[in-house]
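K.L.:
Note that the protein sequences, when read in sequence, are chains A and B.
Residue numbers for the first sequence follow numbering that gives the first Met the number 0, so the first one is 0 and each next one is one higher.
Residue numbers for the second sequence follow numbering that gives the first Met the number 0, so the first one is 0 and each next one is one higher.
Treat the hints as calculated values from the structure; they're not laboratory data.
Fair warning: this is a prediction, and the values are worked out from it, not measured in the lab.
Note that the Cβ used here is the ideal one computed from N, Cα and C, for glycine as well.
One or more of the hints may lead you astray.
Said to hold, decoys possible - A short list of chain B residues far from chain A (calculated; beta carbon distances all over 12 Å): (1) 43; (2) 84; (3) 111; (4) 125; (5) 181; (6) 227.
As the list claims (entries may be wrong) - To be clear about the criterion: a stretch of chain A counts as covered by chain B if any three or more of its residues have a C-beta under 8 Å from a C-beta of chain B, and this derived list gives those stretches: (7) 21-32; (8) 98-112; (9) 218-227; (10) 258-266.
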Amino acid sequence: MADLVDSMLDLMRRLPPTKTEENVASLIGICPDYADDLLGSVDQPLQVKTDRATGREYLACDYNRDGESYRSPWSNEYDPPLEDGTVPTPKLRKLEIAANDAFDTYREMYYEGGVSSVYLWDLDDGGFAGVVLLKKKTMMPSASSEPSGSWDSIHVFETAERGRQAHYKLTSTVMLQLTIQSDDRTAEDKEGWKREGEVTLGGSMTRQTEQDWPIHDSSSHITNTGKMIEEMEIKMRNLLQEVYFGKTRDIIYDLRSLDDLEKTRRQRELQKELVGFIRR
Amino acid sequence: MEPHERIQAACEFLLQSPPGEINDVLNDVRNIISDDELLQEGIAPALKKYNLAQFITVDVPETNHQSIISEAARLSVDSEEGQTQERWLDPRSMKTFVFDHMALEASDPQPFEPNEEFEPFRTALQKASLNYLLGHFYDGVSSTFASQTTPNQYILQIVANKYNPTNFWSGRWRSEYIIDLNDHSVKGSILVNVHYYEQGNVQLSTTHSISIMLPPAIVTASPESAGTKILALIETEEGSYQKSLNDTYHEMSEKTFKSLRRALPMTRSKLDWDKVLGYKLGAELSSSKGTFATGFT
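Let's have the full structure, built from the sequences with the hints guiding it.
P.N.:
Set out below in structure tokens:
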């Protein structure tokens, strides 16, 4: 019997990305013992929350969750408040604050809006790990025929220092969702003619990389992961462009041809005959 | 979760299966529920619902073609023992058969007596649709039914599938047209589903409905000529829909995608991370968004 978690992950890789949250909830209902495995390995759309102390928006995911509460990277406070919620050590928190500032700049430069959050935590072997989250939604469209969309980035990394070098393991997931509705009642001005529809293009892609970078002080971790994540997002943006707008479109054309296939077949036959005729 | 809730959840998963992946989903679900006896009984209705909705195709016994399993193909036949048996119609060969929704196999073919009144138009429509299928679909199947409930109403269904698990993608095109010669209307719908799952899970799902009125010239023409003309109308509609999807892709890529994340910052170069660390710009920039763009150009 295959591993249960593998089956759950395979299932999540097949079911519609637009229903990830409901399906994860169902799976947890069926196998409550595997809730942590599932929540830790299935990426779900990031939730935007507002920090009560500073009024700033932050992103909630499994990495800043403790029980039912989420920690804000701005105030370091849990909401709903927790007496003994897990927080980074003072040294790591200092780095976390700087990382949040740095990735907030990154966010503004590339996303020109949206929300970012960085969470760090200590690892048992002395290193540390972190997650960089970015989320952007398009403005509410003025007309329903305007497309709407959202982008969620989840970059999870682990690092271990080796002398003046550090080794980084980065796993990046980008969730991209696009929707457009069309309603065309005026087509050709014919009475009773009507066409309407909806196109949803959504999902997620994941990529991994491992790299070594030099370190001078602890802030080197921010510049190193910053460069890695920037490079990764550029790569993934190209990949998404290719898969979303190229690959899925090509598959439609593998199902149905705009040109008349019979005509093409007849032309090919004719060509064959001609070639045969010339050879004779 | 109670057993019936587990089955309910399993059925929901099955109904969401991407084209050609129902067996993969079923394998996962079997492993997750790990109670085959409970599952086998419980999911039968969901499998049937899925097959009907997805226009699942089947090899028709004693023929060389496939037909579509759908609501329009469903027949309730009274057997000699006085029980009703569910059978499925292939209008092309005028055969009915028993269908196994789990194994996806047809058996026990029997001849079917159609209503002769509607046969001339139905066969004309069928002939034209098979020609259309050859012209525009790579692996298409179509079935043309005379409605069992409304006289002089015809149902034309088309499905085309491409499954490519080695390259992690699959696709399905479904279309259905209800041609009503009583009020001269054609009501159609086109559904396209694409799944791409190499190191990810990306799905395209489109719905499109069409409502058109048949010109009088078509209605009064001979069945042969009307069938050809109706399929020409469908060809135009499906062609322009496929072309309009190109515009949708363009719009999504050029407008939405670009507005979500830039390829490079306004400065046209990557970030200088050493400077970024010193800046503490982010917070200030967010609070004065409008002036930021002009500040950098």
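K.L.:
A separate judgement is required for each hint: does it hold in the structure or not?
P.N.:
Verification of the hints:
At the 12 Å boundary, the C-beta of residue 43 of chain B stays outside the reach of chain A, the nearest C-beta of that chain being 19 Å off. With a least beta-carbon separation of about 34 Å from chain A, residue 84 of chain B lies farther than 12 Å from that chain, consistent with its non-interface assignment. Non-interface status of residue 111 of chain B relative to chain A is upheld: no Cβ of that chain comes within 12 Å, the nearest being about 30 Å off. No beta-carbon of chain A is positioned within 12 Å of the beta-carbon of residue 125 of chain B; the least distance is around 17 Å.
For residue 181 of chain B, the condition that its CB be more than 12 Å from all CB atoms of chain A holds, with the nearest at approximately 15 Å. A cut-off of 12 Å between C-beta atoms confirms that residue 227 of chain B is not in contact with chain A; the least separation is 14 Å. A stretch counts as covered by a chain when three or more of its residues have a beta carbon under 8 Å from one of that chain; for the stretch 21-32 of chain A and chain B the count is 6, and the coverage holds. Against chain B, the stretch 98-112 of chain A contributes 13 residues with a C-beta closer than 8 Å to a partner C-beta. That satisfies the three-residue criterion, and the hint holds.
Counting residues of the stretch 218-227 of chain A whose CB falls under 8 Å from any CB of chain B gives 5; the rule of at least 3 is met. Taking a C-beta to C-beta cut-off of 8 Å, the stretch 258-266 of chain A contributes 4 residues in contact with chain B, enough for the three needed, and the coverage statement holds.
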